[in-house]
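*Asks:* Here the protein sequences come in this chain order: A and B.
Our numbering applies: residue 76 is where the first sequence begins, and numbers increase by one.
Our numbering applies: residue 1143 is where the second sequence begins, and numbers increase by one.
Any given hint might turn out to be false.
Lysine-lysine pairs mimicking DSBU-like chemistry, simulated, CA-CA at most 35 Å apart [unchecked claim]:
id : chain 1 : residue 1 : chain 2 : residue 2
1  : B       : Lys-1196  : A       : Lys-130
2  : A       : Lys-80    : B       : Lys-1201
3  : B       : Lys-1157  : A       : Lys-146
Chain B stretches covered by chain A per the calculated footprint, using a threshold of three residues with CB under 8 Å from any CB of chain A [stated by the list, open to error]:
id : region
4  : 1250–1263
5  : 1279–1290
No lab work stands behind these hints: they were computed from the structure.
Values in this document were obtained by computation on a predicted structure and should not be read as measured data.
Ideal Cβ positions, reconstructed from N, Cα and C, are used throughout, including at glycine.
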Amino acid sequence: MIDVKNLSKSFGDHLVLDDISEHISPGEKVVVIGPSGSGKSTFLRCLNLLETPTKGTITFEGTVITDPKVKIDQVRQQMGMVFQHFNLFPNMTIRKNITLAPVRTGLMKQDEADEVAAQLLQRVDLSDKAEAYPAQLSGGQKQRIAIVRALAMKPKVMLFDEPTSALDPEMVGEVLDVMKELAQEGMTMVVVTHEMGFAREVGSRVLFMDGGHILEQNEPRAFFDHPQHPRTQLFLSKVL
Amino acid sequence: MTFVEKFTLIFSNAKYLDSMLTGLRMTLAISVGAAALGLVLGTIVALVGLASSKNPLVKIPKLICAVYVTVIRGTPMALQLFIMAFVVFAIRGFPLVVTAIIAFGINSGAYVSENIRGGILSVDVGQTEAGRSLGLSAGTTLWYIVIPQAIKNVIPSIGNELIALIKETSIVSMIGMYDLTAAAKNLGSGQNLANYLAPMTAAALFYLAIVYLLTFVIKIIEGRLRQSDRR
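If we strip away everything but chain A, and leave its shape as in the complex, we get:
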């Protein structure tokens, strides 16, 4: 589904991603963990070209999206993204937040999109918030809205950039529950997170990044029980 070849990214002189190659298959739940500054967020943001790679290619469903001639908007319509700070649009109601993209990209008519929004809101138990503004919601509610806002575009893959890092601890659970449900439905997911419990329970594969490299990867049980690389062992000993 997503194929990354020799991906490098530097900001000025600072090399953040160093020659990464990776493949993500349909239905996989890839969890990316690692210390801050390891390049995991940058790696994720390269996948939908929010960051422009310095070198390398990224292929999504057979399209080389790093080719400047590719219409990136059309590619992004098939890739949902959820941010650490939610990034809901404060000037719009929740319903409008969800329907804006499907309507403006021509995917749906307004009434169809309203219908989809109503279904999605029901699914995350926030039907009563349709006409509320983001400022009236709690952090956990905002992030659940952000997830369904991305889902309204009917994406083929969902990218999560530390979706629970900005939440109060008591709200982490409600967001992870929505993500687990999504995983059970078979959505392809790439999740950058510090939630080791989620990685172990939901992930089909765990990548450990440090210094712009993927140092180690494995299926979750083996990864957490028998980490091979000394850096992974050190990291896990500190966070677990």
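Fit chain B to the supplied structure of chain A, relying on the hints for placement.
*Replies:* Only chain B this time, still in chain A's reference frame:
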């Protein structure tokens, strides 16, 4: 005659009142025309200034806009007005009011563009990223997501700029135009009231009234735009 008598005379004497109102109309004409021109110019200049510098097509327009803002903000308004009146539009029969509108509009545009640019930059970059990650184009993201939020940030400073503009039009008497300030000066002269205090006070009240009205309108607009902030 006492000050009060002279002051009431300005409003009761048809000739005097007419003189003041003629000046007031000119002040309003220049202010409204220049404000409209300034807002349009300022918006265009701000958007050009924010356009990606990677695009070679906008390189030269960007440079022009940067020079425009620097020159206009770095030179006195009176001098710009003189250049417009005595050099650029030194054409027999060219209406002075148009000259003034263009001069003040160009001046205001430079300040407005900086306000708008600041307003757009003050919108969190995460908003743009969220819009683009949903597959919206740069233009749609700017129009539906960023600009509505920027306007809210920009209204107070644009209001400030409009107030400053209205008062600054009082220098048009320097190129022989008859605005509110010129009218007050004329009424105070020996051929009329032979007293400057009364007409100057009257003119001051007119300016105050305009500015107060404008402030009031801005407050209403701000209130409407803050709707989504309520918790």
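*Asks:* Compare the structure with each hint and give your call.
*Replies:* Verification of the hints:
Pair hint B/Lys-1196 plus A/Lys-130 holds up; C-alpha atoms about 18 Å apart against a cutoff of 35 Å. Between A/Lys-80 and B/Lys-1201 the alpha-carbon distance is near 34 Å, which keeps this suggested pair within the 35 Å criterion. About 69 Å separates the Cα atoms of B/Lys-1157 and A/Lys-146, which puts this hinted pair outside 35 Å; it is violated. Using a Cβ-Cβ cut-off of 8 Å, 0 residues of the region 1250–1263 of chain B lie near chain A, which falls short of the minimum of three, so the contact claim is violated.
Check on the region 1279–1290 of chain B: 5 of its residues sit with their Cβ under 8 Å from a Cβ of chain A, so the three-residue criterion for coverage holds.
Of the numbered hints listed earlier, those contradicted by the structure are 3 and 4.
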